[in-house]
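Protein sequence lines correspond, in order, to chains A and B. Position 154 of the first sequence, counting from 1, maps to 153 under numbering that gives the first Met the number 0, and the rest follow consecutively. Position 388 of the second sequence, counting from 1, maps to 387 under numbering that gives the first Met the number 0, and the rest follow consecutively.
Incorrect hints may appear among the rest.
Claimed, not checked - Anything over 12 Å on all C-beta distances counts as not near chain B; from chain A, calculated: (1) LYS30; (2) PHE46; (3) ARG110; (4) ARG145; (5) SER258; (6) ASN280.
To be verified - Only pairs whose alpha carbons sit at most 16 Å apart, straight line, appear in this in silico EDC-like list of lysine to aspartate or glutamate: (7) LYS141(B) / ASP92(A); (8) LYS286(B) / GLU214(B); (9) LYS230(A) / GLU368(A); (10) LYS1(A) / ASP92(A); (11) LYS247(A) / GLU324(B); (12) LYS141(B) / ASP267(A); (13) LYS70(A) / ASP92(A); (14) LYS125(B) / ASP267(A); (15) LYS185(A) / GLU395(A); (16) LYS180(A) / GLU395(A); (17) LYS83(A) / ASP56(A); (18) LYS247(A) / GLU323(B); (19) LYS377(B) / ASP393(B); (20) LYS125(B) / GLU194(A); (21) LYS170(A) / GLU408(A); (22) LYS396(A) / GLU181(A); (23) LYS274(B) / ASP252(B); (24) LYS143(B) / ASP267(A); (25) LYS206(B) / GLU371(B); (26) LYS226(A) / GLU368(A); (27) LYS256(B) / GLU229(B).
For the record, the hints were derived by calculation from the structure and aren't laboratory data. All of these numbers come straight from a predicted model, not from anything done at the bench. Don't be surprised by glycine CBs; every beta carbon is placed ideally from N, CA and C.
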Amino acid sequence: MKKNILLLINQLHGGGAQKVIANLSINLGKKYNVVLVIYNDLEKVVFPFGGELIKIDLPYSADTHHNNIFKRVYRSLTLIRKLKKIKKKRKPDVAISFMEASNIVNILSSRNERIILSVRSFLSNEFKDHQRLKIFKIFIRLLYNRSAHIIVPADLVKIDLVKNFGLQEEKISVIYNFIDKELIDKRKQELIEPELESILKNYPVIINVGRITPPKAQWLLPHVLKKVREKIPETRLLILGEGPLSNKLIDEARLNNLSVCANGMQYDQDYDIYMPGFKENPYPFLYKSSAFIMSSLYEGFPNVIIEAMACGLPVISSDCASGPREIISPETNVNESARTLEYAEFGILTPTYNNELENSKNYIVSAAEALTEILTNSEKKDFYIRQSLLRAAHYEKKTIMQQWIGIIENNN
Amino acid sequence: MRILFVHTRYLQSAGGEDTTLDAEAALLDAKGHVVEILLFDNATMGKGFGGKIKAGLNAIYNRQSAKKLGDTIKKFKPDIIHVHNFFFTASPSIFYEAKRRHIPIVATIHNFRLICANCLLLRDNKVCELCVNHSFPWYGVKYKCYHKSAIQSAIVGSISSVHKWIGTWNNKVNIFLTPAAFIRSRLIHSSLKVSPDRIVVKHNFTKDPGFAGGESRQSFYLFVGRLSEEKGVEILLEAWKGMTNNNLVIAGDGPEKERLVNAYGNLPNVEFIGKKSHEEILELMKKCRALIFPSIWYEGLPLTIVEAMATGTAVIASRLGVMEEMVTNKYNGLLFGAGDPTQLAAAVVAFNMLIYEKQYSIYNAARETYLEYYHPEKCYCAVMEIYNNVLSIDRKN
Numbered sequence: 000m001k002k003n004i005l006l007l008i009n010q011l012h013g014g015g016a017q018k019v020i021a022n023l024s025i026n027l028g029k030k031y032n033v034v035l036v037i038y039n040d041l042e043k044v045v046f047p048f049g050g051e052l053i054k055i056d057l058p059y060s061a062d063t064h065h066n067n068i069f070k071r072v073y074r075s076l077t078l079i080r081k082l083k084k085i086k087k088k089r090k091p092d093v094a095i096s097f098m099e100a101s102n103i104v105n106i107l108s109s110r111n112e113r114i115i116l117s118v119r120s121f122l123s124n125e126f127k128d129h130q131r132l133k134i135f136k137i138f139i140r141l142l143y144n145r146s147a148h149i150i151v152p153a154d155l156v157k158i159d160l161v162k163n164f165g166l167q168e169e170k171i172s173v174i175y176n177f178i179d180k181e182l183i184d185k186r187k188q189e190l191i192e193p194e195l196e197s198i199l200k201n202y203p204v205i206i207n208v209g210r211i212t213p214p215k216a217q218w219l220l221p222h223v224l225k226k227v228r229e230k231i232p233e234t235r236l237l238i239l240g241e242g243p244l245s246n247k248l249i250d251e252a253r254l255n256n257l258s259v260c261a262n263g264m265q266y267d268q269d270y271d272i273y274m275p276g277f278k279e280n281p282y283p284f285l286y287k288s289s290a291f292i293m294s295s296l297y298e299g300f301p302n303v304i305i306e307a308m309a310c311g312l313p314v315i316s317s318d319c320a321s322g323p324r325e326i327i328s329p330e331t332n333v334n335e336s337a338r339t340l341e342y343a344e345f346g347i348l349t350p351t352y353n354n355e356l357e358n359s360k361n362y363i364v365s366a367a368e369a370l371t372e373i374l375t376n377s378e379k380k381d382f383y384i385r386q387s388l389l390r391a392a393h394y395e396k397k398t399i400m401q402q403w404i405g406i407i408e409n410n411n
Numbered sequence: 000m001r002i003l004f005v006h007t008r009y010l011q012s013a014g015g016e017d018t019t020l021d022a023e024a025a026l027l028d029a030k031g032h033v034v035e036i037l038l039f040d041n042a043t044m045g046k047g048f049g050g051k052i053k054a055g056l057n058a059i060y061n062r063q064s065a066k067k068l069g070d071t072i073k074k075f076k077p078d079i080i081h082v083h084n085f086f087f088t089a090s091p092s093i094f095y096e097a098k099r100r101h102i103p104i105v106a107t108i109h110n111f112r113l114i115c116a117n118c119l120l121l122r123d124n125k126v127c128e129l130c131v132n133h134s135f136p137w138y139g140v141k142y143k144c145y146h147k148s149a150i151q152s153a154i155v156g157s158i159s160s161v162h163k164w165i166g167t168w169n170n171k172v173n174i175f176l177t178p179a180a181f182i183r184s185r186l187i188h189s190s191l192k193v194s195p196d197r198i199v200v201k202h203n204f205t206k207d208p209g210f211a212g213g214e215s216r217q218s219f220y221l222f223v224g225r226l227s228e229e230k231g232v233e234i235l236l237e238a239w240k241g242m243t244n245n246n247l248v249i250a251g252d253g254p255e256k257e258r259l260v261n262a263y264g265n266l267p268n269v270e271f272i273g274k275k276s277h278e279e280i281l282e283l284m285k286k287c288r289a290l291i292f293p294s295i296w297y298e299g300l301p302l303t304i305v306e307a308m309a310t311g312t313a314v315i316a317s318r319l320g321v322m323e324e325m326v327t328n329k330y331n332g333l334l335f336g337a338g339d340p341t342q343l344a345a346a347v348v349a350f351n352m353l354i355y356e357k358q359y360s361i362y363n364a365a366r367e368t369y370l371e372y373y374h375p376e377k378c379y380c381a382v383m384e385i386y387n388n389v390l391s392i393d394r395k396n
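Could you build all of it, start to finish, from the sequences and the hints given here?
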């Protein structure tokens, strides 16, 4: 008989976690009877989902800032009561919830089904920034060990939960977000602007994809390009994305006498840096570039690295917390970070840029050295292309779904 | 102080540079300085290949202009020379002449001619910066940027290039003035290679036309400017297609007028009123809800925006070049993505919302910006400080 699975999340729009659970509902729906329960923004269902959707209507506003403490408590108690009713009627064998509010409610409404929780972010950081969330910390310590299993998307999240919240290590498993290789392979063939196409065809192009914001530190990249050009003068840099630091990036380029072709400017293949703005489909650009570079100061879990790998690009990334090392050098200690250039198993790690250090040029020098090596040593380049594709397969939909099913089926 | 202005008038319409020169000279005169203006006129370029070469050589170094300046210096005995436009008749020979006679010289750079053959950093109506880092504008020749002619582009390009190579810009001019920080930043990081401390920002100004607050204004939006592609009028009209609540008044003539009137003249809430006098424009500015400035090139320092802010008119402008410097989003106006009618329409809707909520502080802020940066008194102080600095450094040497 098919198992009954209940999935619980606050809403079906907005963030990454919501997108992941929506994808999960589609893929689990092929094997199980899935009901997906939401309780906020009932009218705003954006992500496509699978199975049956149940909406719990709650009193008062979903935006808890508007509610006083009594309203908030009453709202939560109503949610628990209504969820209990649903569980009684639907008899789920497994109830999976995402993110803290839903996780707590999932435990408090449990009958005899297996409870699987999923923590999606680095909680210590999040609680540092939001005082209001501190109450969750107490709940997590008290309740989370009562669940059957906890799923996290990255090793460092697991370490954080064990070290800072006293959760049982053996209960926690890492399951990465998946990429859809089939979809990427299809979309990377789509047509792009002929001008950019010819640049990608005629020159070695280094690519970065991401919003242009302080933590991504793309303003370092013109300096890197300048250094790479000492050896390979025809190299171009392509940055896909928009953001508040675009102007700083352009200024840094000009300081280095590099010309920038920004969004809206007349194309020509003799510019040094191209910033065509946000692209809904970045895959053709990744597919046609020569190397992927990341300069981030910190990350959550950079899916873009895996997407670049799936497009067959050698990846050169700063070794920031968290993510790059887990993806690029999984056999090493995730708590370490690179002090010099590391030619790792699935890509190249560089030190993270640090303003306060004496060797502040360390990132620029090592990133440029790595790129020069990739662009001149075809043996090394081919090796890292193979390794990228190999590593990307690790995050493929099929593999990741098997891990979820393994957790669901495991009755110990 | 005895100040000699040198300027070369353009063949075509009197642009903002002529206006700026007249206003500056009048201001200094009114403050009791002795001002003399030495004007050159650009004649049409010679006919035939030989004529063009001769005109080109003269534009690089014109002996007659140098002599004319020498005579004027002898007669007028200026303390300082302030050059506005030296392209093409005056030519850089005047810098050599001034140096020979030990008169310090400042030059206002109104556009990007020194680093771009067509002086706008614009090619096929899109921003282009290919030549910025090259001491000779090869791409300008390749793409025939000046008057659609490779030869003329090469000649125009070589004027600034020859002088880059022989060091004129670094040795013969004491201080370069730019009317906006944007032009300065563009020149600093370029093949001009003049040290940053010798390029100074000095804003242009306009006489105080009086302030009109938010309460007395009507609901129409205003465009003022030449109806040519680089001013982005078509983007504005495209945005107005879906606009039903507000009227748009377009003041100005230009090469695109006929085509635009044919294409958009039937929009019920758009009115083309042609070229208007300076006073009429100021009156319109005081009545309109906001000025829209959708230019798609970097601009120098558009007097239209200066005048609008002087009347306390908020400005909805492209997020590009100098506009980004003059307009601070949601403070004295709104910014939108250059060349994007959808974003422009959204900005107008957002502006309507502000007015609906009676948030008139945006008009006060526009006026504040004028008083802070573009008021005659501010500009007088700034220019005198620059002159005095140049003179004191010159005396020390």
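Now the hints, each set against the structure:
Here LYS30(A) stays apart from chain B, with its beta-carbon at least about 44 Å from theirs, past the 12 Å limit. With a minimum CB-CB distance of about 25 Å to chain B, PHE46(A) clears the 12 Å threshold, and the non-interface call stands. The beta carbon of ARG110(A) is kept farther than 12 Å from every beta carbon of chain B, the shortest such distance being approximately 51 Å. No Cβ of chain B approaches the Cβ of ARG145(A) within 12 Å, the least distance being about 50 Å, so the stated non-interface status holds.
Interface exclusion of SER258(A) from chain B breaks down, the closest Cβ pair being 5 Å apart, not more than 12 Å. The beta carbon of ASN280(A) sits about 20 Å from the closest Cβ of chain B, which is more than 12 Å, so the claim that it is off the interface holds. As the CA atoms of LYS141(B) and ASP92(A) are separated by approximately 72 Å, the hinted pair breaks the 16 Å bound. Simply put, LYS286(B) and GLU214(B) have alpha-carbon atoms about 10 Å apart, close enough for the 16 Å limit, and the pair holds.
At roughly 10 Å between alpha-carbon atoms, LYS230(A) and GLU368(A) fall within 16 Å of each other, so this suggested pair holds. Proposed proximity of LYS1(A) and ASP92(A) is supported: the alpha carbons are some 10 Å apart, at most 16 Å. The hinted pair formed by LYS247(A) and GLU324(B) meets the criterion: a straight-line CA distance of about 14 Å does not exceed 16 Å. For the hint linking LYS141(B) to ASP267(A), the alpha-carbon distance of about 12 Å falls within 16 Å, and the restraint holds.
Distance check on the hinted pair: LYS70(A) and ASP92(A) sit about 32 Å apart at the alpha-carbon level, beyond 16 Å; violated. The hinted pair formed by LYS125(B) and ASP267(A) meets the criterion: a straight-line CA distance of about 11 Å does not exceed 16 Å. Between LYS185(A) and GLU395(A) the alpha-carbon distance is near 15 Å, which keeps this suggested pair within the 16 Å criterion. This hinted pair checks out: LYS180(A) and GLU395(A) have alpha carbons roughly 6 Å apart, not beyond 16 Å.
Among the hinted pairs, LYS83(A) with ASP56(A) is consistent with the structure: their alpha-carbon atoms are about 14 Å apart, no more than 16 Å. For the suggested pair LYS247(A) and GLU323(B), the alpha carbons sit about 14 Å apart, so the restraint of at most 16 Å is met. For the hint pairing LYS377(B) with ASP393(B), the CA-to-CA distance comes to about 24 Å; that exceeds 16 Å, so the pair is violated. Proximity of LYS125(B) to GLU194(A) is assessed by CA-CA distance (about 14 Å); at most 16 Å being required, the pair is judged to hold.
Between LYS170(A) and GLU408(A) the alpha-carbon distance is near 15 Å, which keeps this suggested pair within the 16 Å criterion. Taking the CA atoms of LYS396(A) and GLU181(A), the gap is about 9 Å. The hint holds against a cut of 16 Å. Of the supplied pair hints, the one linking LYS274(B) and ASP252(B) holds, its CA atoms being roughly 6 Å apart against a limit of 16 Å. Note on LYS143(B) and ASP267(A): the hinted pairing holds, with a Cα-Cα distance of about 15 Å set against a maximum of 16 Å.
Distance restraint check for LYS206(B) and GLU371(B): the Cα-Cα separation of roughly 14 Å lies within the 16 Å cut-off, and the hinted pair is therefore satisfied. Distance restraint check for LYS226(A) and GLU368(A): the Cα-Cα separation of roughly 8 Å lies within the 16 Å cut-off, and the hinted pair is therefore satisfied. A threshold of 16 Å between alpha carbons decides the hint, and for LYS256(B) with GLU229(B) the separation of about 13 Å falls inside it, so the pair holds.
Violation of the numbered hints given earlier is confined to hints 5, 7, 13, 19; the remaining hints are satisfied by the structure.
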